[in-house]
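> Based on the provided sequences and hints, a complete structural model is requested.
One-letter residues, chain by chain:
2 protein chains.
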Amino acid sequence: MADIGAVQERKIVVAIDEGEESIYALTWAIKNVVSQNSSNDTIILLYAKPQRAVYSTLDGPGNLFSSDVIMSMEKYSKEVADCVIEKAKRVCKDLQNVKVETMIESGDAREVICDAVEKIGADLLVMGTHGYGVIKRAFLGSVSTHCAQNVKCPVLIVKKPKSS
Amino acid sequence: MADIGAVQERKIVVAIDEGEESIYALTWAIKNVVSQNSSNDTIILLYAKPQRAVYSTLDGPGNLFSSDVIMSMEKYSKEVADCVIEKAKRVCKDLQNVKVETMIESGDAREVICDAVEKIGADLLVMGTHGYGVIKRAFLGSVSTHCAQNVKCPVLIVKKPKSS
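In the order they appear, the protein sequences are chains L and F. So the first sequence is residues 1 to 164, counted in full-length UniProt numbering. So the second sequence is residues 1 to 164, counted in full-length UniProt numbering.
Hints listed in this document are in silico derivations from the structure and should not be mistaken for laboratory results. Here the structure is a predicted model, which is why all the values come from computation and not from measurement. Heads up, some of the hints might be wrong.
What the hints assert, rightly or not - For lysine-lysine, the following DSSO-like pairs were computed, each having C-alpha atoms within a straight-line distance of at most 30 angstroms: (1) L:Lys-31 / F:Lys-152; (2) F:Lys-152 / L:Lys-152; (3) L:Lys-152 / F:Lys-49; (4) L:Lys-99 / L:Lys-87; (5) L:Lys-89 / F:Lys-11; (6) F:Lys-11 / F:Lys-93.
As the list claims (entries may be wrong) - Not everything, but these chain F residues come out facing chain L in the computed CB check (under 7 angstroms): (7) Val-33; (8) Thr-145; (9) Ala-148; (10) Pro-154; (11) Val-155; (12) Leu-156; (13) Ile-157; (14) Val-158.
The beta-carbon is built from N, C-alpha and C at its ideal position, and this holds for glycine as well.
Below, the structure written as structure tokens:
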């Protein structure tokens, strides 16, 4: 059997987005995985902000969007990011002996999450899932499936029950 | 935020097979998720035994396999199951205050695991992953991906690092 060594310090990356699903996943992980008896756990709240290119593509060569509009969109995007991060931080506010950090990166969520997990050297990645149906999942792909297949560390996928 | 309630008793299903990957996943889960301070966790070691139909197909209408051969194959299959379960139980032997149960079911691993998780009412499913490459995964599918997409409870996928 492989010796995985004693767990000393754990970096737990929790991917959060605008959905309730990721807040549920964070809450579940705090209750079930995060150790509140020691000061060895660090939770990193990671938010992937849609990148500027999304707007640029819409804008196109015709420069339909004025710089005012682009600035408004960027302001909105930043406000959403701040709001999501604040909401997630509130979930963590009662944690004792656990460090909570935040990280906002721009780009496709799948790439942002995989890159961040590697860069941080995470011990665990926690993700919610939107629970798309079979058809939608087949066409859209799934962020959680992609990350589960591509990151090297353990991945905890938490599905929000329909009843709650 | 959804209230997920206090964790009282947890049923943790760990899918095990012949590979080192599932033993690594079990070990990781014990060190990182299973609570050894309370007697509220039950680990259910679940093994999916290839079903009889596999041999029947090989046998075909020509009855190439005598009943002796079929009996030998079934005996071998049972011995493999016992061996895998024993190996997993040894990993759990030092656990204090944690109940360990075993479950062997015949059938396709994906169906066996999804059915068992639902039947048991598991709070968490833990799985290893063989880490197939992109091509192999695309054609063969992946037990862990299938289960992550289909079970209702949280799923922890633990990939064995190449170095260990």
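> Does each hint fit the structure? Answer for all of them.
Verification of the hints:
no.	hint	in the structure
1	L:Lys-31 / F:Lys-152	18 angstroms, holds
2	F:Lys-152 / L:Lys-152	24 angstroms, holds
3	L:Lys-152 / F:Lys-49	28 angstroms, holds
4	L:Lys-99 / L:Lys-87	16 angstroms, holds
5	L:Lys-89 / F:Lys-11	29 angstroms, holds
6	F:Lys-11 / F:Lys-93	18 angstroms, holds
7	Val-33	6 angstroms, holds
8	Thr-145	6 angstroms, holds
9	Ala-148	5 angstroms, holds
10	Pro-154	4 angstroms, holds
11	Val-155	5 angstroms, holds
12	Leu-156	5 angstroms, holds
13	Ile-157	5 angstroms, holds
14	Val-158	4 angstroms, holds
Going through the hint list in order, the structure satisfies each hint without exception.
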